[in-house]
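Visitor: Listed below, chain by chain, are the residues.
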Amino acid sequence: MSKKSISYKAALERIEEIVDIIENQQPDIDDLSNLVKEATLLIKDCKLRLKTTENELNRSLEDLG
Amino acid sequence: MTHLSLFELTSLIKTELEKNLEPSYWVIAEISDLKVNAKGHCYMELVEKEGNFVSAKIRANIWAYTYRNLSGWFEAITHTTLRPGIKILLNATVQYHELYGMSLNIKDIDPNFTLGERARKRQEIIQRLKDEGIFDMNRELPLPLVPQRIAIISSETAAGYGDFMSQITDNGRHFNFKTQLFPSLMQGEQAPKEIIASLLSINNQISAFDLVIIIRGGGSQIDLDCFDDYELTSHIAQFPIPIITGIGHERDETISDLVANTRLKTPTAVAEFLISGLERFNERLNEMAYRLEKLGQQQLQNAQYAIINTVHELQNATKKLVYNAEKEIDHKGLILKYSIHDFFRSEKRKVDNFETPLHKAKNLRLIEADKRLTNLEKQLGLLHPNAVLKRGFTMTLLNGKMIPPNIEFKGGEEIETITAQQKIVSTVKKS
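In order, the protein sequence lines correspond to chains B and C. If you're matching positions, the first sequence starts at 175 in this note's numbering and goes up one per residue. If you're matching positions, the second sequence starts at 2 in this note's numbering and goes up one per residue.
Simulated from the structure, these hints should not be mistaken for lab results. One should not assume that every hint holds.
To be verified - Here are the simulated lysine to aspartate or glutamate pairs, EDC-like style, with alpha carbons at most 16 Å apart:
(1) C:K333 <-> C:E314
(2) B:K211 <-> C:E294
(3) C:K88 <-> C:E118
(4) B:K218 <-> C:E288
(5) C:K15 <-> C:E99
(6) C:K88 <-> C:D137
(7) C:K58 <-> C:E76
(8) C:K295 <-> B:E190
(9) B:K183 <-> C:E99
(10) B:K221 <-> C:E284
(11) B:K183 <-> C:E284
Stated by the list, open to error - Listed below are several chain C residues computed to face chain B (Cβ distance under 10 Å; list not exhaustive):
(12) H175
(13) L286
(14) R292
(15) A304
Backbone N, C-alpha and C define an ideal beta-carbon position, used for all residues, glycine too.
Generate coordinates for the entire structure from the input sequences, incorporating the hints supplied.
Guide: Written out as structure tokens, the structure reads:
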């Protein structure tokens with residue numbers, strides 16, 4: 175996993191894009207599952223970063239392997 | 002040659018001055034130096050400048066009792082202290098002392114003049130920043146979406162800094178802020194220089210910060226003039242990342258406030274602003290998560306419905322196909338039945354049509370044949386050997402067969418002679 179996380183702005187834009195895709199473009203179920211997974215990961219990542227310092231974040235990411 | 006003693010001369014000067022000058026004058030002057038001694042008397046040096054050139058200079062004093070009243074009143078109106086660098090409109094008596102020379106004794110100061118003077122100066126600086134095209138530079142920077150790395154310019158000991166830090170650390174939401182203090186004097190003549198120095202050192206590690214906040218404790222409402230300083234405001238305006246001010250004052254904004262990206266009244270307000278920014282982002286994430294969940298469920302349900310629908314459609318289509326096929330088979334069967342029926346009927350009719358003449362023809366032929374047969378029988382009856390035998394003829398057979406016409410008997414052959422009633426066997430003797 176790369177240590178440099180995606181910026182909040184980029185993350186939010188991607189999440190909003192995904193919501194828009196799901197809302198308006200009727201993706202098929204395979205895509206839907208991947209899109210939701212991606213957006214959920216982004217949201218989790220953002221929330222984690224809101225509450226931990228960069229160092230802590232990097233450490234916990236390293237723990238993940 | 003007549004002469005005066007020095008004292009006589011200075012006394013003369015003093016008398017002449019007192020004789021010719023008004024009891025007091027209103028004078029505009031800039032304070033270039035100011036000291037208050039232990040007894041509370043105020044001693045200043047007043048100057049008039051044209052650029053950097055000092056064109057006039059005089060000492061002045063305000064006696065302790067007057068000074069207390071005047072300075073309090075002055076601060077209340079202008080929110081600034083009497084100090085070097087400001088221009089005042091003062092009412093003074095010219096006094097001459099034989100020993101101490103010329104000076105002014107200040108009786109009154111008009112704070113409104115200083116207020117107007119400062120407004121004019123402020124306006125000049127604002128205009129200059131605008132003319133240089135930098136006034137809006139920091140204001141136009143977009144605020145980062147989630148500012149978490151904060152450079153703080155403040156005084157370590159300031160109450161406002163403590164308030165800010167406790168609020169930002171204990172924000173109730175466990176939001177993380179990474180702060181770094183760049184300590185600076187926050188009031189007085191040295192403040193602009195120190196704040197600029199802090200800005201420069203922040204600029205040296207600019208990528209480590211999302212924004213800069215300049216905060217100063219509440220309390221004293223005076224001595225904010227340092228935030229109107231041209232050099233400082235010019236640095237703030239041109240700073241590459243957004244600056245938020247929380248200088249803690251109620252009166253008109255300083256120029257620093259005007260050129261800063263965001264101006265807030267107090268350090269506490271700055272902390273709230275930052276926390277609420279993160280809260281908004283967090284809520285947006287929550288909303289997105291909620292919408293994703295709803296949408297995902299909905300899409301799944303839609304897909305399920307679609308599958309169910311397809312199954313139904315498939316079932317219906319199959320049923321319909323089978324039904325149609327059955328119907329067609331029935332129909333064809335019926336047609337076949339009818340056509341077979343028709344066929345047989347028409348064939349039967351044909352047969353019927355043939356039957357009568359055939360029957361007649363057959364009967365006719367039968368009768369004819371019968372007649373012929375009867376005739377033949379009769380003829381055959383006549384021809385039959387028995388009929389001949391009955392009439393007295395006999396028939397001779399050799400070995401049970403008619404005797405061929407040209408046979409030559411050798412004698413000894415046995416022949417049979419058949420009459421109507423009996424069979425006579427005889428042997429040939431000679432032919």
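Visitor: Holds or violated: are the alpha carbons of B:K183 and C:E284 at most 16 Å from each other?
Guide: Holds: B:K183 and C:E284 sit about 15 Å apart, inside 16 Å.
Visitor: Quick one, are C:K333 and C:E314 close enough, alpha carbons at most 16 Å?
Guide: violated, 28 Å
Visitor: May I ask you to test the interface hint for C:H175 with respect to chain B, counting a Cβ-Cβ separation under 10 Å as satisfied?
Guide: Result: holds, 5 Å to nearest chain B Cβ.
Visitor: Does C:R292 pass the interface hint, meaning its C-beta sits closer than 10 Å to a C-beta of chain B?
Guide: With a minimum Cβ separation of about 5 Å from chain B (threshold 10 Å), the hint on C:R292 holds.
Visitor: Please verify whether C:K15 and C:E99 have alpha carbons no more than 16 Å apart.
Guide: Given that 16 Å is the threshold and the Cα spacing comes to 8 Å, the pair holds.
Visitor: Any CB of chain B closer than 10 Å to the CB of C:A304?
Guide: holds, 5 Å
Visitor: Between the alpha carbons of B:K183 and C:E99, is the straight-line distance 16 Å or under?
Guide: violated, 77 Å
Visitor: Could you grab the alpha-carbon distance between B:K218 and C:E288 and see if it respects the 16 Å cut-off?
Guide: holds, 13 Å
Visitor: Has the given pair, C:K58 with C:E76, been kept, meaning a C-alpha gap of at most 16 Å?
Guide: Status violated; Cα separation ~25 Å.
Visitor: Check the hint pairing B:K221 with C:E284 against an upper bound of 16 Å on the C-alpha distance.
Guide: Judged against 16 Å, a Cα distance of about 10 Å means the pair holds.
Visitor: Starting from B:K211, check that the Cα of C:E294 is at most 16 Å away, please.
Guide: Status holds; Cα separation ~11 Å.
Visitor: C:K88 and C:E118 were given as a pair; does the straight-line alpha-carbon distance stay at or below 16 Å?
Guide: holds, 7 Å
Taken one by one, the earlier hints fail for this structure at numbers 1, 6, 7, 9, listed in ascending order.
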